[in-house]
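Top line first, the protein sequences correspond to chains A and B.
Those letters in the first sequence? Residues 440 to 789, per the working numbering, in order.
Those letters in the second sequence? Residues 3 to 107, per the working numbering, in order.
Please note that the accuracy of each hint is not assured.
Said to hold, decoys possible - Residues from chain A shown here face chain B by an in silico Cβ test under 7 Å; the list is partial:
1) E597
2) E598
3) V599
4) R621
5) T628
6) E629
7) T632
8) R635
9) Q729
Hints in this document: simulated from the structure, not taken from any laboratory.
These numbers were taken from a predicted model, which means no experiment stands behind them.
Where is the CB? At the ideal position from N, CA and C, for every residue including glycine.
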Amino acid sequence: MKITDFSRREYLRRASLREMRKREKSNSKAIAKREQRSGFFEIKCPRTLRLTAVDARKKVISFVDSIHRHVDKGRKRLWIDFSGLEKVYAEGMIFVYAEISRLNNVKKLDVRSTPPKDKVVRQVFNKIGFSKLIKCSIKRTPESNRDDVATWFCASGEEVEGEKCKNILEKYQGHIATSLSRDLFTGMTEAMTNARQHAYIKERGDNLIHTDYYKPWWMFSQEINGKLKVVFCDLGLGIPNTLPISHPGFFKSLLRQLGKDLTDSRAIEEAVTITRSRTEQSHRGKGLSQIVATIDNSEESDIIILSNKGSYRLAKGGDVRLFDFSTSIKGTIVCWQVSLPDSFTSAKAA
Amino acid sequence: MLNMIINIAKEFSPFPAGRFLTDGPYSGEKFREEFLIPNIERHEELLINLDGVMGFGSSFLEEAFGGLVRRLDNSSVVFKKIKFISNEDPFLIDEINSYMEGAKG
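Only chain A is shown next, with the shape it has when bound in the complex:
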């Protein structure tokens, strides 16, 4: 009986010791985590990075705004928690990438982060170099070979550099029509030229003052469901704000004609159709129409231009859809989506 009492007491003592050690370990982990993050201001990323759906877009923009608010208050040490991020769309990812990259470049921030729990999103972060930007170490896992990860490609710059399109396009040469490849090259380089000459002609109005010659752009490509998606982003004034500067006369007559109906999406549509430039010289300003003309050489293709609050979508066949969101991205994102031939997708599968 005594022996049983003793072994029971001993069992309880050891169990209590084990529990204490466990608690100490978990406490020390929490303390280490707290210490690691002390002095950093924490911001939580939403579950989805997407700009073409109303609710998701609001959350993405609110997330980016909260980063800006910290920076406006002079805070440079930021901890971004990506653990809850489950899905990224190219246009949402490029927007967040561009914003953090620009803030980091201008304000020399110390950005650290918690990586996403989602294994696929983690590998996308690695593939596009985002993990480096947010100082988060992510190990390579088998998910990195998946098609929805391996086909992501990222480029960025401040000048018009045609060579940077090569890495995106050379993989498809011989598979897509030469005319389409040429048109995509033209669209991408004209978008770079527009960023260089028009997008940054005035300050963006986000309290972030930088040198006149800093005119950054970012570009992603991704293969998705048999289509090649190329996304180009600048964080300039946005087309609705450059239109009154580039075409003052035209803008005034539009304003008289449309009044409050001159929304951001309508302004993008008008900017696509006019060919005169901001210098009022007829030989300039054809870039935007060339950016849009890219889809003429590909079936089942479309182009979406997101600029400030507006969204302009043009599908093959000339079907135009306009939409205005309540929140602005304060910049311009062009998304080309062109179908890849069956020969290319089946060659990959083989």
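Knowing the structure of chain A, use the given hints to seat chain B on it.
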């Protein structure tokens, strides 16, 4: 002087893009200033080979060829001396001609 052939892809860049020198390394202005202007006076005919290039944006073409017409006092020389080869994109020559015509003012 004899004729001269300029192969843009081989002698300038297979990735020409941008309008002004400040835009980037292979802009239309750079091509005009370094290849077209120095050679147009010295040769009877300039044959520009447009093949082998990844693509041409309107900014590059307009500044190079439309800009050449604006830049020279006697713009008729440009129309007389410059000829093009474009086997890969037959519409390209018409596009360039429209920029040159538009630059006459």
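Among the hints numbered above, which are violated by the structure, and what are their numbers in rising order? Hint 1 is the one this structure does not satisfy, whereas the remaining hints hold.
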